[in-house]
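The chain contents come next:
2 protein chains.
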Amino acid sequence: MTKRVYLFREGNATMRDLLGGKGANLAEMSNIGLPVPAGFTVTTEVCTEYYEGGEKLPEGLMDEVRAAVADVEKDMGKKFGDPNNALLLSVRSGSRFSMPGMMDTVLNLGLNAETLAGLEKSSGSSRFVWDSNRRFIMMFSDVVLGVSKHKFEALFGELKKRKGVTQDTDLTAEDLKEASNEFLALVQKERGVGFPSDPWEQLELATEAVFQSWNTDRAKVYRKKERIPDEFGTAVNIQAMVYGNLGDDCGTGVAFTRDPSTGENLLYGEYLMNAQGEDVVAGVRTPVPISQLETQNKAVYDEFVAVCHKLEGHYKDMQDLEFTIEKGRLFMLQCRSGKRTGPAAVNLAVDMVEEGLITKEEAIVRVEAAHLDQLLHPRIDTNYVAENSIKPVTKGLAASPGAAVGKAVFDSDTAQRLANAGEKVLLVREETNPDDVHGMLAAQGILTARGGKTSHAAVVARGFGIPCVAGCESISVDYATRSFDVNGVTVSEGDVISVNGSTGEVFVQELPLIAADVSGSFGTLMGWCDEARTLGVRTNADNPRDSRQALDFGAEGIGLCRTEHMFFEPDRLPVVRDMILAKSDAQRDAALQKLLGVQEDDFAGIFEAMDGKPVTIRLIDPPLHEFLPSHADLLKEVVELRVAVNLTGGEATKALLEEKETMLKTVEGMHEFNPMMGLRGVRLSIILPGLVAMQTRAIMQAACKLQKRGVTVLPEIMIPLVGHVNELKNVQTQLEAVAKAVQEETGVEVAYKFGTMIEIPRAALTADEIAEYAEFFSFGTNDLTQMCFGYSRDDAEGKFLQEYVEQKILPRNPFETIDADGVGELMRIGVEKGRKQRKGLKCGICGEHGGDPESIFLCHKLGLDYVSCSPFRVPIARLAAAQAAIADKS
Amino acid sequence: MTKRVYLFREGNATMRDLLGGKGANLAEMSNIGLPVPAGFTVTTEVCTEYYEGGEKLPEGLMDEVRAAVADVEKDMGKKFGDPNNALLLSVRSGSRFSMPGMMDTVLNLGLNAETLAGLEKSSGSSRFVWDSNRRFIMMFSDVVLGVSKHKFEALFGELKKRKGVTQDTDLTAEDLKEASNEFLALVQKERGVGFPSDPWEQLELATEAVFQSWNTDRAKVYRKKERIPDEFGTAVNIQAMVYGNLGDDCGTGVAFTRDPSTGENLLYGEYLMNAQGEDVVAGVRTPVPISQLETQNKAVYDEFVAVCHKLEGHYKDMQDLEFTIEKGRLFMLQCRSGKRTGPAAVNLAVDMVEEGLITKEEAIVRVEAAHLDQLLHPRIDTNYVAENSIKPVTKGLAASPGAAVGKAVFDSDTAQRLANAGEKVLLVREETNPDDVHGMLAAQGILTARGGKTSHAAVVARGFGIPCVAGCESISVDYATRSFDVNGVTVSEGDVISVNGSTGEVFVQELPLIAADVSGSFGTLMGWCDEARTLGVRTNADNPRDSRQALDFGAEGIGLCRTEHMFFEPDRLPVVRDMILAKSDAQRDAALQKLLGVQEDDFAGIFEAMDGKPVTIRLIDPPLHEFLPSHADLLKEVVELRVAVNLTGGEATKALLEEKETMLKTVEGMHEFNPMMGLRGVRLSIILPGLVAMQTRAIMQAACKLQKRGVTVLPEIMIPLVGHVNELKNVQTQLEAVAKAVQEETGVEVAYKFGTMIEIPRAALTADEIAEYAEFFSFGTNDLTQMCFGYSRDDAEGKFLQEYVEQKILPRNPFETIDADGVGELMRIGVEKGRKQRKGLKCGICGEHGGDPESIFLCHKLGLDYVSCSPFRVPIARLAAAQAAIADKS
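Residue numbers (my numbering), protein chains in the order written: chain A, 3 to 892; chain B, 3 to 892.
Please note: incorrect hints may appear among the correct ones.
You can't tell identical chains apart in this list, so a pair holds if it fits in one copy or across any two.
Using 25 Å as the maximum straight-line C-alpha spacing, the simulated DSS-like pairs for lysine-lysine come out as follows [as the list claims (entries may be wrong)]:
1) Lys835 to Lys863
2) Lys638 to Lys662
3) Lys656 to Lys638
4) Lys191 to Lys755
5) Lys835 to Lys810
6) Lys151 to Lys615
7) Lys329 to Lys123
8) Lys731 to Lys222
Hints are computed from structural coordinates only; laboratory data are not their basis.
Same shape as in the complex, but just chain A (with noise of 0.2 Å):
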């Protein structure tokens, strides 16, 4: 029979999957001789089982679980159940990888009526117990019994009234013992029975809840978000309890063992006396920091750091800590690998290379592209606040950093509405909770009243690398009329404020936002990266702006100038028209003839940005009625216009009313059903030759005339929408002609390739005759997704996507991650064809995957030249280029 249920000292760190993070770290904690409370772990797989079994805890389980608990009874000297010498027990949940806050936790399990009494005579505290009690029954009843917390708080708001207290330690045991009994009252009232006595039947009571909190909602959103696969599971650690409030010599904390918002080498973590653990993580009350401990209690302090030296040496890596101190001695209740900000991540895993701690290669596959999208993430405009003498209405915690400007909402689900339909939003909270991750994610950052640096929304907002203040306790929340106050000034929803989570200062306006500045450890560890890869990066540009801040940040060259972007430019979109609309080749060639000057122009600015770096420009792609009117714009106008001329017969509207006509006609008649496989890419060139040779003399003019100034000019030509050789064969003969053309004009020799874009099934499927005329390849793997999976992206999100991820019909988005099988597959043969006809073709990819971490992966492995991306992914492309490299080695 496999075994279900590992004592701790029968586990270690190796053994997550099966016992969980948290259950493998305090199985190892006990191991290498840390104070650790006596416990064990029900392992992951018998959730699975419990799952398979349709909701039902395996039989036998509980027989293994009381042999475990008989074993903690020996080693604590207690026993559970026993009315003189009661064990309590924690239960948590604790799945392979973390998830804050997600699930459920049952604490001081094991209290009844005979046990209290006991215990009361124990510890010879009955305000201790009788806390513990009503804390108890509040926490068993919302996990297990379904009956909210909510009501209870409301109960004890009301008793604290009642009794004249703010502060819950101002209440009695006599006080606290009321609360127990209203609490049972109130759970005989709501579920119509009594509240469970029997320890052994609350503990497999609560052992069910953790197996069933693997599955709410909000797990599930988590775990999608952070693309932890749903039949994982979560194992359940049953542990006894120490207690942090059983006096002012007890209390609890968490502490990380360097600072995970900075990477600074520098215990950092909160603590309150007299209290459990949850009083710090909920943000209830407001913590101390750690540093005050050892002013506090010199002994225990001194201890708590040597078991973090101990730990980081051990795990090699900045450690998260739980720990609690019951009656003056030190228990060590988690530990695991610390959450980091991106700038901490960075100058985590350089100095542990300058400590000698882990390798550059460990530095680099430890840093993760999130880490680094963080790093990136704007700040605000300081010399515009300073020369406007902006001054922050407040200030709260830093407690994610980054800056962020939106309007300010008041609950979760407006955040994601209002997102959704394209609002930059602001989350403002008296403080988060487990419920609101979805509208945490859904905006540009998080304000909150109440709560720590390890408050949940700190913790989720770090974790996700949205800026964040918390604890802001000057701001006032009214839910009611969805507004706060805060220093006489009241801001209501919709109101656009500004957050800077690196600071913790609060704006109550718009302010302007700047890219970070990326030096230091980025650029130490970009530097080894680029050491490691053997995959280029180069970026997607259509102006010099981008063009040089994706120099900034490290790309190679641009592996995609999108030309149409240029032709939506106000000034360029009347032009535009003319050339589409035009009756005659005169006016066309005119229209051409402009468009020719300004296509130059934009050009020339990108060449001179990238001076000796190869620039990949895409001819027109998009089908040209896109540059028009809305068809159904144009088709309602046209209609009212009817009817305003058969009523009011002006010559003016009648006048309008043809010339709206002729342009709806005009549309008609260019309408497509499939537009994306329509007329459009290299078949526009075809049809419509004059448009493509003007763009390509653009380019060579530019390219001469800046090579004649000494800059080095490498443009590559790039025609979309290859299907067949031969429209390849017949767009690049024409072009090449236009190319050499200008060559001799200018008396300008410039080193220019044509090339295409592998983008339609059939062109990798040939792409053999295809590169006997195409000197480079590029991937544009988002056509090439939506025509090998059949999907029109537009819809197929919209539609069904989410849907087909949430049903794991698909494992992802493909539009997010290539798929390897399929488009993969036909990248593979488009390389391997491509190559066998000329040899060292070079091959790039230009879609939006190029920035994603997992497709830079299969990148890697297919053997491309080069990934290509937006200029803010270009450092993750370094990272995960790098990273693709080391596992390749190993």
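Based on these hints, arrange chain B on the given structure of chain A.
Chain B only, in chain A's frame:
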């Protein structure tokens, strides 16, 4: 140096590519001892050289021509340009494949003032010489100098009027001399220069004109339709003239060694005494049947019959011949494999096997898909005609079999325009000429007032399988009023008429048509095909009527039954809309319940018809918005109603507006940018599982019911648009449960299968995974082509595909013939991976390509189990499958 000119004795029938069909056969006939006037051929390669060299005759060509003319002079004992003993030449085109009437010919070349005088003396017939001369001037001017022959005909018509004659033969030598002079004056006036009198100059210009005629618009149209590559080029045949117009012992004719309409083994043809060949072909005079030659000149007739036998024995095929009788002496001017109607092709092939001339396999290979297509043409419902005592208004020549009904139109441009607009038209002409081909192709049928069975109209119509009644002399066409009179009835443009090309009957009303019945030789040939082929042939049918039709044509099962067609029927559409617009599950279930009943009946009818044969039923495929009103229509209505409400504000109008606004909102909500790649196929089944569950229930209920009644039902339930194995797994699992449930409820077991379409590139690429669940594959090559190429068929065919084929960017429309390199490669991968996973996996194809012979060859090569096509293509598929198997063997 490459040899550019071949004397007839230097060539043979195998040199068709180099000498063209006519040249090769003239050489062959010379070499087997038949009476052929001496001559030689300028090769097709020279034509290519001519176009590659910028439309210039290659240097030195005319020297080779002079040498060859010298040889002809020796043979004929005459001299080109000799005033006393002039050799006259014909200059004719001749490409690899026959292009009847498409290219130009010049006869009587070498005439000028001097040779005329000499010929007048030597022939003793002034009339003949001047007749030849006026013909020569007209032809040469028309073909070489670009002066339209219609201008000469007009002059000639005036002359005849002036002379008071109606027949050309009534004109005297003097009259014809007058005509010649008028013609020369016309040339001088039109061209500003005189008519070239140097015979060598005439010869050089005429040779070049023949090359030029390769690239006329009409020739290009013809080649496109017949898929003859533009680069083949034409040869030029230069041959001594012989004369059918030297007097009453002279004549000229065309004949087939068997009846090209029926295949009957009877000499078939027509001739005219004292005429040149063009008189017969052009249909200007109505010729007499060849049989009359026996009475008119038995010796020549007997010699001709002997020649026919010799040629048929030599070529083992029915021959199409041209001959001239000059002063009682027979000359053969052309022989080629004769074009034939579908019935004739089949009868001939079967007869020749029975005569021992050819093998069964040769017979199969010789019959073309188009022949069968024609054989299966509809005919007039004679019962209806008899019951209603309908009489034809007149009768012409039965020139091309099959019946046609349509609106009378009087010119080819109108015919094409109306046909493009979806109208069925009948082209009515005095006579047709090569400029009419586009109108003939667009028409359902053709009716001409003049011309015989070998007239232009008849030959072209038979070639294309278009029903034709020719030479219907009782009709008088008036182009000015766009009408014709026939036996007192006036038919105006737009009036519907019916023609029977198999009998020559013309009806001035719309008659019902019924399908051809196929038996006799057709059955024999089909039997041989079935023996030869390895590929199965199924049909696409959505109802019992089509199923029965297909069974009659030899279908071995249904390869595609589209269930959505059933939903469009007017009694169901409202229920389907109710289902789509349902506001609750209960409403949706009620609609589905209604549909269940009708679908069960649909399937029962088909199963009954297909007793014992597999029936592949595809579950719903199109996006649901296809069942709702169009967005543009609704938008127009809503805007108009809004105005109306503002103006008058009636309650009824308001209510209607509200209703329409709701529908508009629904339609807008369902709008897709690219519906082809949106929410359809299996995606629908996952989002809305009730619909396919209903369909599966209907299939299984029908199957169980019929099975109980003794019918053998073999349903194959096909899930469309699968791109990822999980889609199939998900839906199939649900539907398997439904299928099992129905079997349990009814207590009947049915041998059903679940399978999938392979129509998404990803499905082909991951076919191994998909075959884990799919029990059969059916390639949906229409969608596969759309996605492999990234073409939306609806858009591509209108916007650029035609241009692509014309510009040779694509060899052909990939929606008509499978693209072997791209789509074929996906199919190859699909079959290979699918069968690797599931041994012997049944693979078929159900796109429209299943009825295209070249695509069927590919399917055979890929090892598919069957093709499926529309009922009327089933015999063609059987033939093509047999031809593929035979080609495979050799």
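Here is what the structure says about each hint:
For the homomeric pair Lys835 and Lys863, the shortest alpha-carbon distances inside one copy (16 Å) and between copies (23 Å) are both at most 25 Å. Taking CA atoms no more than 25 Å apart as the test, Lys638 paired with Lys662 passes in both settings, with 10 Å inside one copy and 15 Å between copies. Taking the closest pair of Cα atoms, Lys656 and Lys638 come within 25 Å of each other both inside a single copy (16 Å) and across two copies (19 Å). In this assembly of identical chains, the alpha carbons of Lys191 and Lys755 never lie at most 25 Å apart, being 80 Å within a copy and 56 Å across copies at closest.
In the homo-oligomer, the alpha carbons of Lys835 and Lys810 lie at most 25 Å apart only across protomers (24 Å), although the nearest pairing inside one protomer, at 33 Å, exceeds that limit. Neither within a single protomer nor between protomers do Lys151 and Lys615 lie at most 25 Å apart by alpha-carbon distance, with minima of 62 Å and 66 Å respectively. In this homomeric assembly, Lys329 and Lys123 come within 25 Å of each other (Cα to Cα) only inside a single copy, at 17 Å, whereas the closest approach across copies is 145 Å. When the C-alpha separation of Lys731 and Lys222 is checked against a cutoff of 25 Å, the pair qualifies only between copies, where the shortest distance is 23 Å, while the shortest distance within a copy is 51 Å.
Checked against the numbered hints listed earlier, the structure breaks hints 4 and 6; every other hint is satisfied.
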